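**Student:** Sequence:
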Amino acid sequence: MSGAPARSSRAARLALAALAVLLSACGALPHRSIGPMPGPNGPAPAHPRIDPDLPQLPAAGSGRGAYYQDDGPGENAPPNLKDVPDAEPKVEPYSKRANRPYVVFGKTYTPMLDQEPFSQRGVSSWYGKKFHGQRTSSGELYDMYKMTAAHPTLPIPSYARITSVVSGKQVVVRINDRGPFHSSRIVDVSYTAALKLGLLGAGSHEVTLERLLPADIDKIATRRRNGEPEAAPAIAALMLDDRMLPDTDAPPKAQGAFYLQLGAYTESAKAEQARARLLEYGALQGTLEVVQAGALHRLYGGPFETRAQAAQAALELPAALRVRPIVVRR
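Just add 208 to the spot in the sequence shown (first one is 1) and you have this note's numbering.
FYI, nobody ran anything at the bench for these hints, they're computed from the structure. All of these numbers come straight from a predicted model, not from anything done at the bench. Careful: at least some of the hints might be erroneous.
Claimed, not checked - In silico DSS-like links for lysine-lysine, alpha-carbon gap of 27 Å or less:
1. Lys-304 with Lys-377
2. Lys-315 with Lys-290
3. Lys-290 with Lys-304
4. Lys-427 with Lys-478
5. Lys-315 with Lys-377
Claimed, not checked - Using C-beta positions, here's what the derived DEER-type ranges look like:
6. Ser-392 with Pro-263: 47 to 55 Å
7. Arg-530 with Pro-260: 25 to 33 Å
8. Gly-330 with Ala-484: 27 to 35 Å
9. Lys-427 with Gln-520: 37 to 45 Å
10. Leu-504 with Ala-484: 28 to 36 Å
11. Lys-315 with Pro-293: 31 to 39 Å
12. Gln-264 with Lys-427: 36 to 44 Å
13. Gly-282 with Ala-501: 45 to 53 Å
14. Leu-504 with Tyr-317: 12 to 20 Å
15. Thr-430 with Lys-290: 43 to 51 Å
16. Phe-389 with Arg-433: 34 to 42 Å
Cβ coordinates follow ideal geometry from the N, Cα and C atoms, glycine included.
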């Protein structure tokens with residue numbers, strides 16, 4: 209029996225030595241992070257998939273890109289954002305709290321609560337990560353991946369049709385927030401709306417905005433029920449003011465009724481230079497003429513029998529010409 213304690217002590221020392229070797233070996237192994245948890249359809253990918261439809265943008269807070277300070281895209285955008293449907297317009301009661309007059313930077317804004325038509329042409333920007341998940345003026349949480357927008361005075365909630373003057377693309381958004389409070393911008397759209405309009409990479413560009421009134425909402429709902437297409441975005445994109453032109457081409461299609469205004473210049477020499485450049489390029493069929501109207505010299509191209517034909521001709525102008533045509537009736 210006296211040998212038993214010795215054997216037990218020896219066994220303990222051997223066990224401790226083996227443990228020391230094992231710990232030493234573990235310390236030499238490279239660090240390994242825990243992999244992604246398996247999802248319902250099997251193991252999750254090691255890295256998030258990048259949607260090929262999304263443009264490569266500078267990171268949020270990088271100081272690059274046409275973003276507000278510290279704003280920018282999210283890191284893991286949902287896939288197939290281009291397939292997100294437009295907001296579905298419906299008549300909703302206005303928010304009492306969100307439609308009171310308010311003051312920002314010393315300027316008073318009074319939300320419009322009438323039922324009058326309203327349209328604008330100006331610069332749109334977008335807002336994203338910095339405001340994602342924060343409460344909007346409507347009380348809802350901002351979701352940069354939904355089809356919403358901020359406007360200084362349109363009713364909350366309401367709906368608007370926004371069309372890119374640059375790309376001709378068109379979206380319908382729900383107004384649920386206030387802003388932008390910048391003299392050169394008329395609307396802030398969500399990240400997804402900016403993607404569908406084609407202005408993500410640019411940060412901002414010119415758009416037309418049209419308020420959708422109850423009558424417009426009823427027409428849209430009827431067209432959707434009947435499976436009819438929406439109005440061509442190219443026409444809306446090129447209007448200077450929707451109230452200047454008829455809603456349809458019902459008036460007689462007189463030759464020369466519609467033109468493209470290709471520029472307006474204070475100096476006749478610059479207008480003629482622009483005319484010569486367009487003629488040299490051969491980009492537009494028809495007549496190019498400079499017409500003086502007051503202090504401005506306007507460059508017109510045409511004529512076109514219908515507004516739709518003029519709009520289509522505008523879309524076919526090469527981007528290299530750097531002109532922003534609008535359809536006018538003379």
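**Student:** Does each hint fit the structure? Answer for all of them.
**Tutor:** A quick look at each hint next to the structure:
1. Lys-304 with Lys-377: At roughly 33 Å apart (the allowed maximum being 27 Å), Lys-377 and Lys-304 break the hint.
2. Lys-315 with Lys-290: Violated, at roughly 36 Å.
3. Lys-290 with Lys-304: 33 Å, violated
4. Lys-427 with Lys-478: 44 Å, violated
5. Lys-315 with Lys-377: 32 Å, violated
6. Ser-392 with Pro-263: 47 to 55 Å: Hint violated: Cβ distance 23 Å, outside 47 to 55 Å.
7. Arg-530 with Pro-260: 25 to 33 Å: 29 Å, holds
8. Gly-330 with Ala-484: 27 to 35 Å: Since Gly-330 and Ala-484 have Cβ atoms about 30 Å apart, the given range 27 to 35 Å holds.
9. Lys-427 with Gln-520: 37 to 45 Å: Hint violated: Cβ distance 23 Å, outside 37 to 45 Å.
10. Leu-504 with Ala-484: 28 to 36 Å: 18 Å, violated
11. Lys-315 with Pro-293: 31 to 39 Å: 35 Å, holds
12. Gln-264 with Lys-427: 36 to 44 Å: Once the Cβ atoms are compared, 39 Å apart, the range 36 to 44 Å for Lys-427 and Gln-264 holds.
13. Gly-282 with Ala-501: 45 to 53 Å: 48 Å, holds
14. Leu-504 with Tyr-317: 12 to 20 Å: 31 Å, violated
15. Thr-430 with Lys-290: 43 to 51 Å: 26 Å, violated
16. Phe-389 with Arg-433: 34 to 42 Å: At roughly 39 Å between Cβ atoms, Arg-433 and Phe-389 fall inside 34 to 42 Å, so the hint holds.
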